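J.: Residue numbers (numbering that gives the first Met the number 0), protein chains in the order written: chain Y, 0 to 421; chain B, 0 to 253.
Honestly, the hints are just simulated from the structure, not real lab data.
None of these values were measured; they are calculated from a predicted model.
One should not assume that every hint holds.
List time: in silico DSS-like cross-link candidates among lysine-lysine, alpha-carbon distance up to 27 Å [what the hints assert, rightly or not]:
hint, chain 1, residue 1, chain 2, residue 2
1, Y, Lys381, B, Lys118
2, Y, Lys111, Y, Lys147
3, B, Lys64, Y, Lys381
4, B, Lys150, Y, Lys381
5, Y, Lys45, Y, Lys278
6, Y, Lys385, B, Lys150
7, B, Lys24, B, Lys191
8, B, Lys62, B, Lys244
9, Y, Lys381, B, Lys62
10, Y, Lys122, Y, Lys278
11, B, Lys4, B, Lys244
12, Y, Lys345, Y, Lys45
13, Y, Lys345, Y, Lys122
14, Y, Lys40, Y, Lys55
15, B, Lys220, B, Lys24
Residues from chain Y that face chain B, not an exhaustive set, calculated with beta carbons under 8 Å [to be verified]:
hint, residue
16, Glu105
17, Gly277
18, Tyr373
Even glycine gets a Cβ: it sits at the ideal position worked out from N, Cα and C.
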Amino acid sequence: MSTLTKQDTFSPLLEAATDNFNEQRTLGKESFLSQGLPAVKEEEYKFTQISRKLEKEISDFQSAKPIELTKELVDQSIYEGFEGNVLVFNNGYFISELSDLPEGVEISSISKKEDLNIGSIAKPEKDAFAALNLASFQDGAFISVPKKTQITAPILLLSFFKANSGQVVQPRIWIESGDFAEVTFIEQSVLLGEETVFANKVVEIKGGLNTKINYYRLQNEGRLFIEVSNIETDIHQDSQFSAVTISLSGNMVRNNLNLNILGSNSVGNMYGIYLLNGKTHVDNHTNVDHTVPHAESNELYKGILTDHSRGVFNGKIFVRQDAQKTNAFQQNNNILLSENAVINTKPQLEIWADDVKCSHGCTTGQLDEEALFYLQARGIDKMQAKGLLLYAFAGEVLEHIETESFQAYCTNLVQERLGSKF
Amino acid sequence: MLSIKNLHASIEGTPILRGINLEVKAGEVHAIMGPNGSGKSTLASVLAGREEYEVTEGEVTFKGKDLLDLAPEDRAREGVFLAFQYPVEIPGVSSTNFLRTAVNQVREYRGLEPLDAVKFLSLMKEKMKLVEIDQKLLSRALNEGFSGGEKKRNEIFQMAMLEPTLSILDETDSGLDIDALKVVSNGVNQLKSADNATIVVTHYQRLLDYIVPDYVHVLYKGRIVKSGTKELALELEEKGYDWIKEEIDSAATV
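Pulled out of the complex, with its shape left as it was, chain Y reads as follows (with noise of 0.2 Å):
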């Protein structure tokens, strides 16, 4: 166990004052405490040394306050070619007033709400961080898309996030859809200031019959940003849910991705691309379970990785008994374009269904000198050649975007990155 997990380091946080879901906050607290933070050899964070990171970074273990925001600031940060409506949170609160909010959804500050079953989908004895969010958030939203809406133009989940000297922001968002209902999402966060911050989020998505929820996360927030992030969501039946991550920059970052199959014929998408140079730590932890037959989940993680970079990718696919006709596909590619770059990559199946097609694979290897050396021959520049070929690689994920703006923004933003910095 962490010092760091010492109670009075934490109490700020633990015995701030709240107004409502005293009894998951309860819960979230006990879980938290009998867990403490992750230790040194704790099997599930032992590439990513969060404690330690924490420790070093963060003196003041408060919530950080909501900061002054314009409606100017916020517009200036929606990237550019968005279409849609935006939600703003500001040092994880909710703040509809400088918000755009669709037509047809609920949309409300998640403090505010009663009766809400949050820790029902993270739980929080699943991971200590979920538990801390639980016990200590302070805001975030609760989104209901009623049953039969399809909401076209996507989301925007805009963060800003600022801080005093190295405070804690945790957010937490809920996410509801009624049977058949349609609904994008795309986080996109935006770091202030001079001053390091710990986001420690929490999304809970519970999908109805039949419902299509895509969310995408773009991480660019770069050094002063340290993030843990819990998401976690239930598929229910004739559903399909897909995740894409793009992370670009940050100090430390772990990434929780959670799918559980509840219901036959869903599908679970999980998509993802790091490119990662200077100290960044990226972590994606992904967790599919398929519980019942006749459901597939598909997922690709692309990794390019320079100076002192460091990647992680744990992908645990558990097929249950019952989920007899389960296709799992699950594949992690990395290039290390440095020395001192390293990829820590760690595929995990369980299977305990006997009639299931699943397949795993991962590689990491160094940008190909042939295909390079052709490039060349034929005329084309050596940098304009590695970002041809790196580009390749990494930009098939970018094709499982659905939402054209957001699509055309990363590709540019990873089109950049390849072309310049690597």
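Keeping the supplied structure of chain Y fixed, place chain B upon it in accordance with the hints.
T.: Chain B in isolation, oriented as in the chain Y frame:
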């Protein structure tokens, strides 16, 4: 156009080329033949700028410039084209985008305006006829899943698009059936002019029935040991390489 003087090259410390001398003038076709392991492909690779090979001695000038001093992409822009023995499959890179990038970078170097999409496509259509390459192939990723023959055709198609002054065909005939060989040779012959030159590297004489050389050189143990006209190729076809090996090896022991 091309002047190679006393060229020595090695890979990982092992010498492969041990003093090549060769003069190629505009309008000429030179065939480089020789048994396996004689250094034919190494010569082609060194001229194109492959980095694994270290030039230890000698010089190569191309149109008056020190070729060995140029990066591979600048050699291509100056007009050197290597048709690869094993063209590389590059998934994720579309053939068309690749070619457009290449053509425009070469044009920029030569002080020409870049081609816009329309002009590029019409140039592509024109050159495609030359090697009877299917448009469908070019809408795929570069060489990905192409048959051996399709890859070689694509090499000659790229050559047609880039309009080099010196083309080096590295065993372009190997693995081709006779129909494909005719198509490829026909493409090469149509691209020939008084201003450009071709070096054909091959193990077999067969290709030279279609691409007729002005000179034939035999490479053995990293040196050109015999030069002649196309009749030399026919002699090699008939007698194999052993008589040359014997001639050289016995001379060396004396």
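J.: Now look at each hint and say whether the structure bears it out.
T.: Each hint tested on the structure:
{"no.": "1", "hint": "Y:Lys381 with B:Lys118", "verdict": "26 Å, holds"}
{"no.": "2", "hint": "Y:Lys111 with Y:Lys147", "verdict": "26 Å, holds"}
{"no.": "3", "hint": "B:Lys64 with Y:Lys381", "verdict": "21 Å, holds"}
{"no.": "4", "hint": "B:Lys150 with Y:Lys381", "verdict": "23 Å, holds"}
{"no.": "5", "hint": "Y:Lys45 with Y:Lys278", "verdict": "17 Å, holds"}
{"no.": "6", "hint": "Y:Lys385 with B:Lys150", "verdict": "22 Å, holds"}
{"no.": "7", "hint": "B:Lys24 with B:Lys191", "verdict": "13 Å, holds"}
{"no.": "8", "hint": "B:Lys62 with B:Lys244", "verdict": "34 Å, violated"}
{"no.": "9", "hint": "Y:Lys381 with B:Lys62", "verdict": "23 Å, holds"}
{"no.": "10", "hint": "Y:Lys122 with Y:Lys278", "verdict": "31 Å, violated"}
{"no.": "11", "hint": "B:Lys4 with B:Lys244", "verdict": "23 Å, holds"}
{"no.": "12", "hint": "Y:Lys345 with Y:Lys45", "verdict": "12 Å, holds"}
{"no.": "13", "hint": "Y:Lys345 with Y:Lys122", "verdict": "24 Å, holds"}
{"no.": "14", "hint": "Y:Lys40 with Y:Lys55", "verdict": "18 Å, holds"}
{"no.": "15", "hint": "B:Lys220 with B:Lys24", "verdict": "25 Å, holds"}
{"no.": "16", "hint": "Glu105", "verdict": "42 Å, violated"}
{"no.": "17", "hint": "Gly277", "verdict": "26 Å, violated"}
{"no.": "18", "hint": "Tyr373", "verdict": "4 Å, holds"}
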